[in-house]
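Could you put together the complete structure from these sequences and hints?
Spelled out from the first residue to the last, the chains are:
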Amino acid sequence: MFSNSPLGKNIMALVCFALGVTIFVAGCGQKSEETSLSPSGKSVIQNSGSDTMVNLAQTWAEKYAEINPAASVEVSGGGSGTGIAALINGTVDIANCSRQMELEEMVRAKQNTGKEPQKFVVGYDALAVYVNKKNPLDQITIEQLAEIYGEGGKITRWSQLGSNNPACPNDEIIRVSRQSNSGTYHYFRESLLGKEKDFKLGSRDLHGSKDVVELVGRTPCAIGYSGMGYATERVKKLKISLEEGKPAYAPSLKTALDGTYPIARPLYMYTLGEPTGEIRKYLEWIYSDIGQAIVEENGYVPLPQEKRVMAKTN
Amino acid sequence: MINRQRLETFAEPFIEWMIRLCGISAIIFVFGIFFFVFREGADFFFHKLDLVEFFTSPEWYPTSVSHKRYGVLALIAGTASVTLLAMAIAVPFGLGAAIFVSEFCSPKLKEAFKIIIELLAAIPSVVWGFIGLTIMNELIIDLFKAPIGLTVLNGGIILALMSVPIIVSIGEDALKAVPDSYREAAEALGATRWQVVYRVLLPAAKNGLLAAVLLGVARAIGETMAVLMATGHAVKIPHSLLDSVRTLTATIAAELGEAPVHSEHYQVLFLIGVLLFSITFVVNLTADLIVKGIRQE
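Residue numbers (the working numbering), protein chains in the order written: chain A, 1 to 314; chain B, 1 to 297.
Hints in this document: simulated from the structure, not taken from any laboratory. These figures come from a predicted structure and were not determined experimentally. Honestly, I wouldn't trust all of these hints.
Straight-line alpha carbon distances no greater than 30 Å define the calculated DSS-like cross-link-like pairs of lysine-lysine that follow [said to hold, decoys possible]:
#1 Lys-154/A x Lys-68/B
#2 Lys-154/A x Lys-237/A
#3 Lys-108/B x Lys-200/A
#4 Lys-119/A x Lys-68/B
#5 Lys-246/A x Lys-195/A
#6 Lys-68/B x Lys-110/A
#7 Lys-48/B x Lys-110/A
#8 Lys-197/A x Lys-246/A
#9 Lys-110/B x Lys-195/A
For the chain A half of the interface with chain B, some residues (derived, Cβ under 8 Å), not all of them [unchecked claim]:
#10 Ser-76
#11 Gly-79
#12 Glu-105
#13 Met-106
#14 Pro-136
#15 Ala-146
#16 Asn-170
#17 Gly-202
#18 Arg-204
#19 Asp-205
#20 Glu-214
#21 Arg-218
#22 Ala-222
#23 Tyr-287
We put the CB at the ideal spot given by N, CA and C, even for glycine.
Here you go:
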């Protein structure tokens, strides 16, 4: 059936390719216990996970390479779930997470690798709610956000928020969200709706923190949420209050740390077992004042002075 | 002399076997892939899956804490709408361009044209997606006064641009394969150039052109990254060209990386893979049957 059509050839080529890839991937699947050595004799720390943290982790890695030429840190993104999955499979040394590991994931990591994952809080992130620069709205309540995003919520038009959005002639609120496994998505859903409820269907589920801001910046009718470090000049961060009549706060270092800004969360790094050797040195450096200054430069909230000691937090 | 004969008696069957193995391997691979993809999702398929809900519910809540729902109707509608629109644009343009390149243009222009079309085919799909997310998004908002530009229209146009090069190059090959004696005979009968194309070349190259179109369809159904970015990725049954949708492929791409291995969600994503596999299979099968039907006439 496939043999006499050009389609058949195409499928066969595809199949051969897929097989090649499978063999290749299988070949590099398992990793040894300690940090691996690169051909040049450097020790390589594998670091992957949260999309929210990927810029931050990248900057850390670059700066660390200048200070400690003996180690190199390889960073990749993909989302908190991706990092956790890699940690469970034992293919990364440090997983970045913008949410905590679930109990089930902890158990599986233990079963698979024989080591207990250790959690480290390395900074905080305030989740900003973005609208287009042309939108006159400047503040919003958590209740209103729940009505906009939550299943069964009644707010679908800008005029229902008591504000006209002249740049958006047909008044519809375009909800921009994240793919359903991202740590940011989980955190935002839980902050607005609690554990049990779901978001409305039909939101635009984008695949990265940056894409959300990018799209909101180009779409006058849109509202979206993303890390506060991703702001561009085309968007505006809304002030957020808990409910109508209470004061609204803009996301900032101060409001995130003193708890007045309602949607701020810790950023985590997980290792398998108590970190040793180069991995430990790297984490200690992240906890140092230099490492924490980089957190602030990237638009996140650094740890307060008294928490800058590396201690596992579970 | 004797040595050579001996060599041939061994080498000949060996080569024959190798060729036979290559032939069979294609079939083994296809079934192997189907088997492995299905095996990942089989447990869920046999024990928990509600097929009626799977195919008729538009509610896709794979990571809900309280009430997980796996309905792929909206995703199927998304794939179908984007693919249909893409084909509605790409088939006339692609076949038209193929006819122009093979029959009407000067040899110099032809060379230039082919290079440019091949260049179009070489653009990575992420780049197409980015164009959809930025330039096309704003363009559609301005032109149609739409609230958002990430729509069926956006994805359809991007996919059409991606499948046109395939349709053009394969269609052109098919037309080139028609013997020149056909053209000469038609011209000798006093046919105009258009009559030659319409009455002689198109019927003669029918199979090849159909294959070109179907490869375009296959490209459109299977494309992932570009539609992920350009269609808005919203679970929704579209009512117009200006609605956002989400496709089957984009759902797998966006969620598989983060679904815990062997969880329900992971298994359902593999079942979507099986569904895509079946759709492509049916498209191929139909194509084959149509081609056979044409031959018998």
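Hint check:
no.: 1; hint: Lys-154/A x Lys-68/B; in the structure: 22 Å, holds
no.: 2; hint: Lys-154/A x Lys-237/A; in the structure: 23 Å, holds
no.: 3; hint: Lys-108/B x Lys-200/A; in the structure: 56 Å, violated
no.: 4; hint: Lys-119/A x Lys-68/B; in the structure: 29 Å, holds
no.: 5; hint: Lys-246/A x Lys-195/A; in the structure: 24 Å, holds
no.: 6; hint: Lys-68/B x Lys-110/A; in the structure: 27 Å, holds
no.: 7; hint: Lys-48/B x Lys-110/A; in the structure: 28 Å, holds
no.: 8; hint: Lys-197/A x Lys-246/A; in the structure: 24 Å, holds
no.: 9; hint: Lys-110/B x Lys-195/A; in the structure: 62 Å, violated
no.: 10; hint: Ser-76; in the structure: 11 Å, violated
no.: 11; hint: Gly-79; in the structure: 5 Å, holds
no.: 12; hint: Glu-105; in the structure: 7 Å, holds
no.: 13; hint: Met-106; in the structure: 12 Å, violated
no.: 14; hint: Pro-136; in the structure: 17 Å, violated
no.: 15; hint: Ala-146; in the structure: 16 Å, violated
no.: 16; hint: Asn-170; in the structure: 6 Å, holds
no.: 17; hint: Gly-202; in the structure: 4 Å, holds
no.: 18; hint: Arg-204; in the structure: 4 Å, holds
no.: 19; hint: Asp-205; in the structure: 5 Å, holds
no.: 20; hint: Glu-214; in the structure: 7 Å, holds
no.: 21; hint: Arg-218; in the structure: 5 Å, holds
no.: 22; hint: Ala-222; in the structure: 7 Å, holds
no.: 23; hint: Tyr-287; in the structure: 28 Å, violated
In this structure, the earlier hints numbered 3, 9, 10, 13, 14, 15 and 23 are contradicted, and the remaining ones agree with it.
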